[in-house]
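*Asks:* The residues making up each chain are set out below.
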Amino acid sequence: MANRQRKPRSRSQTKRTGPIRAWFHQQRNAVRFSLNRLWFNPVSTWITLAAIAIALSLPTSLHLLLNNMQTLTDDKREVPTITLFMKQNVNEQQTKDRAELLKELPEVSAVQVITREEAMEDFKQIGGFAETLETLPENPLPHVLILTPKLSFLNTNEALTKFSDKLKAYREVGNIQVDIEWIKKLRSILNIADRIVLVVSVLLGLTMLLVIGNTIRLDIQNRKEEITVTRLIGATNTYIRRPFILGGFWLGLFGGVISLVIVHFALLFLIAPVNDLAREYGSNFTLHGINFTMTLQILVLSSVLGTVGAWLAVSQYLWKSEVVSEN
Amino acid sequence: MIEFKEVTKRYSTGQIALYNVNLKMRAGEMIFITGHSGAGKSTLLKLIALLERPSKGQVSVGGKPLNKLTRSQIPAYRRRIGFIFQDPHLLYDRSIFDNVAIPLLISGMGTAEIKRRVHAALDKVGLIHKEKHFPLMLSAGERQRVGIARAVVNRPTVILADEPTGNLDPELAQDIMYTFAQFNELGATVLIASHDHALVERMQKRTIMLRKVE
Chain P
1 MANRQRKPRS
11 RSQTKRTGPI
21 RAWFHQQRNA
31 VRFSLNRLWF
41 NPVSTWITLA
51 AIAIALSLPT
61 SLHLLLNNMQ
71 TLTDDKREVP
81 TITLFMKQNV
91 NEQQTKDRAE
101 LLKELPEVSA
111 VQVITREEAM
121 EDFKQIGGFA
131 ETLETLPENP
141 LPHVLILTPK
151 LSFLNTNEAL
161 TKFSDKLKAY
171 REVGNIQVDI
181 EWIKKLRSIL
191 NIADRIVLVV
201 SVLLGLTMLL
211 VIGNTIRLDI
221 QNRKEEITVT
231 RLIGATNTYI
241 RRPFILGGFW
251 LGLFGGVISL
261 VIVHFALLFL
271 IAPVNDLARE
281 YGSNFTLHGI
291 NFTMTLQILV
301 LSSVLGTVGA
311 WLAVSQYLWK
321 SEVVSEN
Chain H
1 MIEFKEVTKR
11 YSTGQIALYN
21 VNLKMRAGEM
31 IFITGHSGAG
41 KSTLLKLIAL
51 LERPSKGQVS
61 VGGKPLNKLT
71 RSQIPAYRRR
81 IGFIFQDPHL
91 LYDRSIFDNV
101 AIPLLISGMG
111 TAEIKRRVHA
121 ALDKVGLIHK
131 EKHFPLMLSA
141 GERQRVGIAR
151 AVVNRPTVIL
161 ADEPTGNLDP
171 ELAQDIMYTF
181 AQFNELGATV
191 LIASHDHALV
201 ERMQKRTIML
211 RKVE
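In order, the protein sequences belong to chains P and H. Going by the UniProt record's numbering, 24 is the number at position 24 of the first sequence; the sequence numbering is gapless. Going by the UniProt record's numbering, 147 is the number at position 147 of the second sequence; the sequence numbering is gapless.
These are calculated hints, taken from the structure and not from any lab test. Predicted model only: the values in this text are computed from it and were never measured. Hints may contain errors.
[Stated by the list, open to error] Heads up, simulated DMTMM-like pairs for lysine to aspartate or glutamate below, C-alpha to C-alpha not over 20 Å straight-line: (1) K87(P) x E158(P); (2) K224(P) x D98(H); (3) K64(H) x D93(H); (4) K168(P) x E158(P); (5) K224(P) x E6(H); (6) K115(H) x D87(H); (7) K87(P) x D194(P); (8) K115(H) x D98(H); (9) K224(P) x E29(H); (10) K132(H) x E226(P); (11) K205(H) x E29(H); (12) K162(P) x E107(P).
[Stated by the list, open to error] The calculated label-pair distances, taken between Cβ atoms and stated as ranges, are: (13) W23(P) x I208(H): 35 to 45 Å; (14) G110(H) x V199(P): 45 to 55 Å; (15) S139(H) x A22(P): 31 to 41 Å; (16) W23(P) x L186(H): 41 to 51 Å; (17) S55(H) x V199(P): 52 to 62 Å; (18) M137(H) x I196(P): 57 to 67 Å; (19) F265(P) x S139(H): 51 to 61 Å; (20) D87(H) x F265(P): 45 to 55 Å; (21) I208(H) x W319(P): 35 to 45 Å; (22) A22(P) x L186(H): 23 to 33 Å.
Virtual Cβ for every residue (Gly too), placed ideally from N, Cα, C.
Throw the hints in and build the complete structure from the sequences for me.
*Replies:* Structure follows, in structure tokens:
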């Protein structure tokens, strides 16, 4: 009892820490405390994390699947073409002029001219046709343009239809054959799948919110006494809320990390059979993994969901218990 | 310092705990509140700590009427008050040191300063050697003293104690009363509710007697 040289109690209760340093101390303590809570309740923490990770990895992998399907309609892969058959009365020069004009269009990446003579030669190469063709008085084949579109400019089915209508409307063009019908169909299917992924994502996002909210709610129940005591001692709602909200944030963040690991392993599991399949089809298709942006998106989303879930749980409790009575 | 003006407290159950109470306390005073159980001793303290609001009348502390405090001002106000319960409400998953440190953590104090203050407070109640223990390892009297250390660690201007010696043996009760007297000498305004008349008389301080409302 030697160091009892207290000054009389006054409002300026000794050298107070500055407000900014006080704030930092509180943040640091809350971070340490919330991490401790997770660390020392390993069973409940891991169960919650697993639930979050599974809820997140499902929409993530669906999204990834869809992304991969969409790359099938990319420019660089199997190049789909539009074949333009000129009218019979169109001569070679007119065909070549049209080809030059078409090359100017933004939607067009290349145009190849096949004159009727060249086409005839090609036909003759195909066994059995030669004699039949000899009997014809003149070459029945039209001049042909083979057009390679830029799909990045035609990324909707409407644009595609509009473009082929436009081609058909040229005076010289008799008939066109669009080799990209299958892309249209694939796109329609992908559009539906896109919606499905969205619905699944929203539902699982809500699940995650509920899981985290419920975990935090249970945590609050376990620490009711502590909340009451700290409140009586003069803790603000912000102070009480902080460790719980951080707890939700950690759950969301770590759950996101685990879900990324799950999706990654699932991809590794799929990569060999997918490559096999692609080889069968003579395609150079490869599976796309999760890129940096997507990783970031998932982590941000999951930690935001965690924070919001915790915030809802704590605020609901604090609001309900606003009128404090003893015990 | 503390003033009650025609304060009535009626609980929602219809029970009247306080009726038309007028009371004035100067800063630095030490006062005992006695009366039978149910006479409203606890209610009176709770009104000061803003754990309850009066049904009628006004309570002022430090010249400021408490009904003027907004909800967001209450936490800061409570930090100036040390409240000691009959049951000390310790947190059982934390050590004695951590329990006493809570008010300082709330006000965002640095680790070194917290350590210094907690040690000083524990020293004051004679429990410095038990700082690493947990509440369940302590006797009832020791736990009560931890509660006191926690109430005074933030150096409050007002100390309120509700039956602080309720379940202690007489010797220990006497010790604790002397501890309060010490805090009072250091400048705190102390208000203690107790039904132990003998003990209260021995302390020779101003005493307020509450009678049950008929």
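*Asks:* Run every hint past the structure and note whether it holds.
*Replies:* Here is how each hint holds up against the structure:
{"no.": "1", "hint": "K87(P) x E158(P)", "verdict": "violated (26 Å)"}
{"no.": "2", "hint": "K224(P) x D98(H)", "verdict": "holds (17 Å)"}
{"no.": "3", "hint": "K64(H) x D93(H)", "verdict": "violated (37 Å)"}
{"no.": "4", "hint": "K168(P) x E158(P)", "verdict": "holds (15 Å)"}
{"no.": "5", "hint": "K224(P) x E6(H)", "verdict": "violated (35 Å)"}
{"no.": "6", "hint": "K115(H) x D87(H)", "verdict": "violated (25 Å)"}
{"no.": "7", "hint": "K87(P) x D194(P)", "verdict": "violated (41 Å)"}
{"no.": "8", "hint": "K115(H) x D98(H)", "verdict": "holds (10 Å)"}
{"no.": "9", "hint": "K224(P) x E29(H)", "verdict": "violated (35 Å)"}
{"no.": "10", "hint": "K132(H) x E226(P)", "verdict": "holds (19 Å)"}
{"no.": "11", "hint": "K205(H) x E29(H)", "verdict": "holds (9 Å)"}
{"no.": "12", "hint": "K162(P) x E107(P)", "verdict": "holds (11 Å)"}
{"no.": "13", "hint": "W23(P) x I208(H): 35 to 45 Å", "verdict": "holds (41 Å)"}
{"no.": "14", "hint": "G110(H) x V199(P): 45 to 55 Å", "verdict": "holds (51 Å)"}
{"no.": "15", "hint": "S139(H) x A22(P): 31 to 41 Å", "verdict": "holds (35 Å)"}
{"no.": "16", "hint": "W23(P) x L186(H): 41 to 51 Å", "verdict": "violated (30 Å)"}
{"no.": "17", "hint": "S55(H) x V199(P): 52 to 62 Å", "verdict": "holds (54 Å)"}
{"no.": "18", "hint": "M137(H) x I196(P): 57 to 67 Å", "verdict": "holds (59 Å)"}
{"no.": "19", "hint": "F265(P) x S139(H): 51 to 61 Å", "verdict": "holds (55 Å)"}
{"no.": "20", "hint": "D87(H) x F265(P): 45 to 55 Å", "verdict": "holds (53 Å)"}
{"no.": "21", "hint": "I208(H) x W319(P): 35 to 45 Å", "verdict": "holds (37 Å)"}
{"no.": "22", "hint": "A22(P) x L186(H): 23 to 33 Å", "verdict": "holds (25 Å)"}
The earlier numbered hints that this structure contradicts are 1, 3, 5, 6, 7, 9 and 16.
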